[in-house]
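Participant: Take a look at the letters that make up each chain.
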Amino acid sequence: MRFEEELVELLPRLRRFARGLVRHASDADDLCQAAIERALKSRDQWQQGTRLDSWMYRITRNLWIDERRAAGRRGFHSPIDDAVTQVAGDGPADVEAGALRGDIDGAMARLPDEQREVVMLVLVEGYAYREAADILELPIGTVTSRLARGRETLMFYLGEAA
Amino acid sequence: MSFDPETVAAFVDSELDDLTARRIEREAATDTALAEEIARHRALKSRLAAHYAPIAEEPIPDRLRSLLAVDDKVDTSLAGRRDARRTRFGAIHWGAIAASLVLGLTIGLRPWMPAADVATEGGRLIAAGALADALDTQLASNQPGDAAVRVGLSFEDQAGRYCRSFESRSLAGIGCREGDHWQLERTLRRQARGAYRQASSGELADVAATMMAGEPLDGAAEQAARDAGWEHSR
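Those protein sequence lines, which keep their order, are chains A and B.
Just so you know, we're using the numbering used here here: the first sequence kicks off at 1 and counts up by one.
Just so you know, we're using the numbering used here here: the second sequence kicks off at 1 and counts up by one.
It is worth saying that the hints were derived from the structure and are not from the lab.
Careful, some of the hints might be misleading.
[Unchecked claim] What follows is a set of in silico ranges between Cβ atoms, one per label pair, in the way DEER data are often shown: (1) A:Tyr157 - B:Gln158: 20 to 30 angstroms; (2) B:Pro54 - A:Arg68: 45 to 55 angstroms; (3) B:Arg22 - A:Phe156: 26 to 36 angstroms; (4) B:Ala159 - A:Arg43: 26 to 36 angstroms; (5) A:Arg58 - B:Glu121: 54 to 64 angstroms.
[As the list claims (entries may be wrong)] Output of the computed footprint for chain B on chain A, the stretches with three or more beta carbons under 8 angstroms from beta carbons of chain B: (6) 43-49; (7) 54-63.
The structure displayed is predicted, hence computed values, not measured ones.
Quick reminder that beta carbons are idealized off the backbone N, C-alpha and C, glycines included.
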């Protein structure tokens, strides 16, 4: 399969991962776009036979971290609570669903970046601890302790019933 | 509880060696606190998975697809790919498949694994807990009207897998048998609580129509497939 075709296959999952990191759909797609452009430019660095998905997730995550750091230096912090209004639509059912969804988006937004990325990789994307550690280029112990703290925080915000 | 929180979490994430995992399972059968902790972790995981699952079902925006210069006519969404496979089954008589609800099976649910209906494996969504049990055992022709999970159509898809549509209070979708689990091919988050929405049943039936090879299973075929463990005898 061509490199581009393999990337296309990955896009649905990559968009989901990006949405977990940055929340707003258009920002998430901006991130995906940047990741695809980066991947195409540095495709020589991807070693055939290794996992393209891990490589793409790593590129996406690194671009996101760079962007967060740059924004931090500019003194810009995205507001937390507009997640709820962003997802709510017009009809009563949409508003209700939006509010319910807002719980999770709001709770995720309250996680520090380094916990949010681990939560997304392990709990949503289904990666093993070892694979998540490889993507994030971190020791596995760091991944598990960040995951534990992230879980605690999410359970706190989402309530006992989670 | 004799297991630390990280071990319990690792159990839920399938990260423990078999021996430790079996010890936890055994202890959870009698240790309520441990069982609750496991349930809490499973609930969080399935809630997150269900929340983010629909994003992967969205069509890919053109601006992303065009970067990869694949044929514009190729729709990369899961739904789109199924539409592309839509073949000759445009006019199936759904009315004939209406489930008659009599009485249900009491499923051997383990009390310590309640809320987790969805899990992930290798980045793919699979049914877990009560949902997996319902897909394994519940017959559409023989389920209580107030069943937590309602099974709709059962059919064989074009890859020869058994697939079943389902609705629960928070999630509706189609699960297809892969090995010993049900891979969730399509998930819709329910818009309103409580009552089943007719619209989503129709939506699912449409998706099922694009997936299926031949006619949906009738009551007898459904039961035979279930009794055979959703494996083909041939």
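Participant: Can you tell me whether the CB distance of A:Tyr157 to B:Gln158 sits inside 20 to 30 angstroms?
Facilitator: 43 angstroms, violated
Participant: Verify this for me: three or more residues of the segment 43-49 of chain A with a beta carbon less than 8 angstroms from a beta carbon of chain B.
Facilitator: violated (count 0)
Participant: Looking only at beta-carbon atoms, does the pair B:Arg22, A:Phe156 fall within the given range of 26 to 36 angstroms?
Facilitator: The hint (26 to 36 angstroms, Cβ to Cβ) holds, given that B:Arg22 and A:Phe156 are roughly 31 angstroms apart.
Participant: Could you see if the CB distance from A:Arg58 to B:Glu121 stays within 54 to 64 angstroms?
Facilitator: 21 angstroms, violated
Participant: How does the Cβ-Cβ distance of B:Pro54 and A:Arg68 compare with 45 to 55 angstroms: does it lie in that range?
Facilitator: 26 angstroms, violated
Participant: At least three residues with a C-beta closer than 8 angstroms to a C-beta of chain B: is that true for the segment 54-63 of chain A?
Facilitator: violated (count 0)
Participant: State, for the Cβ atoms of B:Ala159 and A:Arg43, whether the hinted interval 26 to 36 angstroms holds or is violated.
Facilitator: At roughly 31 angstroms between Cβ atoms, A:Arg43 and B:Ala159 fall inside 26 to 36 angstroms, so the hint holds.
In terms of the numbered hints stated before, the structure departs from hints 1, 2, 5, 6 and 7, listed from lowest to highest.
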